[in-house]
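A.B. asks: Build the full structure now, drawing on both the sequences and the hints.
Residue numbers (this note's numbering), protein chains in the order written: chain Y, 340 to 566; chain W, 340 to 566.
Please note: incorrect hints may appear among the correct ones.
Since the list gives no way to pick out one identical chain from another, each pair is judged satisfied if it fits inside one copy or across any two copies.
[Unchecked claim] Capping the alpha-carbon separation at 25 Å, the derived lysine to aspartate or glutamate pairs in DMTMM-like fashion look like this: (1) K342 x E450; (2) K342 x E449; (3) K342 x E356; (4) K386 x D492; (5) K386 x E429; (6) K386 x E449.
In short, the hints are calculated from the structure, not lab data.
2 protein chains.
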Amino acid sequence: MVKRAYGQFCGVARALEIVGERWALLIVRDLLVGPRRFTDLRRGLPKIPTNILAARLHELEEAGVVRRRALPRPASGTVYELTEYGGELEGIVLGLGRWGAQSLGERRPEEIVTADSMVMALRTAFHPEAARGIRAGYELHLGGVVINARLDDGALVASAGPLAGADLVLTTTAPLRPLLTGEISPAAALERGLVRIVGEPDLLERFVEIFRIGPAGEVASRDTDFG
Amino acid sequence: MVKRAYGQFCGVARALEIVGERWALLIVRDLLVGPRRFTDLRRGLPKIPTNILAARLHELEEAGVVRRRALPRPASGTVYELTEYGGELEGIVLGLGRWGAQSLGERRPEEIVTADSMVMALRTAFHPEAARGIRAGYELHLGGVVINARLDDGALVASAGPLAGADLVLTTTAPLRPLLTGEISPAAALERGLVRIVGEPDLLERFVEIFRIGPAGEVASRDTDFG
DNA sequence: CCGGATCCTCGGTGATACTG
DNA sequence: CAGTATCACCGAGGATCCGG
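C.D. replies: In structure tokens form, the structure reads like this:
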């Protein structure tokens, strides 16, 4: 019946039959950021063969993880989006990202950085309690990709692309990790030119509090991207 | 360098390169219950080819997820166990189990139930706050496999096999889910013969409180095994 | 340009047999 | 018990082509 079944009556086995195929969870990762067209997914996953992408989307659709939606006029076309069931994978994908980031090491030349993966990395580093009472818009230029984060009293809305009217525009010229772990203070990072900002330096201080990683206590250090 | 890399500098991608290969997370699932020998893993995963099992164990060992250990005398041999890094996958595996259990449906004839998968299913259903101040040992016969759970003031230690001196021995003759969701009261389940117990009926009441699933609120219903 | 389908190759998987 | 060896097969990888 189900091809390539594990033959076990077990939630883990069933989950892997649904989203355990190659590329499937990376497609879900990008769709967690927002609905995407076939070509958007292709751009975010340059190494996926198009026949595999099409096959995965069909399988995920059949499993109730993904839904096709015809785009309204005028920008006709099709988008893929997560169903509610698919959206419940967010915690798992974030957990995998945190776990895998510990093995990231240095960025290899052939490895690319995509906007959607950076948005998810930002979400893994988010500390809602540190964002209480804060309302600010950030535009981040990380490793050549542009994403944005809007904070509104403990809530984070992050997505790909620039942000008109951002309160702070932050551009990195080096790995961001030392700044987020606290190894380097915001002032020192600015002085050494590791990051450039347009806007209030105060907002950079807030940023590292809200997206702090480590420091080797509550969560193991080196556990988020931004390498 | 790394074969079959996704080519993305992203924690999720790296995680999937390590534990995303077929069978890998099911091996981790079983090792989360405790150290296992090659043959133990084979028994728990009857459909895995032995060369694949050997290959996965090597890959996981090289990635720092699994460690080989020579068994001390007299019971000589080798066991595989999770490293600390591998153990950090517990939350992800439990999350996958919860998520996938929603798609379990009815048990198909060709699907087996294993002790290790039931132990993990029990852990996903565990509510520590409901176990505060309770000290009890359970032996559970679920779908033909025997596992045990020891509760000690909010802590759960569950493993495969029987439990000498258990306070309650519970044997199911039908899916356990209705009992754990609250659809059926413990008294009714006993009366209808869905479960048989040896020990104080009170301990059955406690059991369903501590391992309650649903009721369609805090966690979506039908989200755990015991089908 | 979007959204795939098609064709071909290659290597990982699956199944089984065999060995230290 | 703990794997290795062999081989058929099919899904992944890669390129191209095609209809809207």
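A.B. asks: Decide, hint by hint, whether the structure agrees.
C.D. replies: Taking the hints in turn, this is what the structure says about them:
For the identical chains of this complex, K342 and E450 are inter-copy neighbours only, at 13 Å across copies versus 32 Å inside a copy, given an alpha-carbon limit of 25 Å. In this assembly of identical chains, K342 and E449 lie within 25 Å of each other by CA distance solely across copies; the values are 13 Å between and 33 Å within a copy. In this assembly of identical chains, K342 and E356 lie within 25 Å of each other by CA distance both inside one copy and across copies; the values are 9 Å within and 22 Å between. Neither within a single protomer nor between protomers do K386 and D492 lie at most 25 Å apart by alpha-carbon distance, with minima of 38 Å and 51 Å respectively.
In this assembly of identical chains, K386 and E429 lie within 25 Å of each other by CA distance solely inside one copy; the values are 23 Å within and 30 Å between copies. Taking the closest pair of Cα atoms, K386 and E449 come within 25 Å of each other only inside a single copy of the chain (11 Å); across copies the shortest separation is 36 Å, beyond that limit.
In terms of the numbered hints stated before, the structure departs from hint 4 and from no other.
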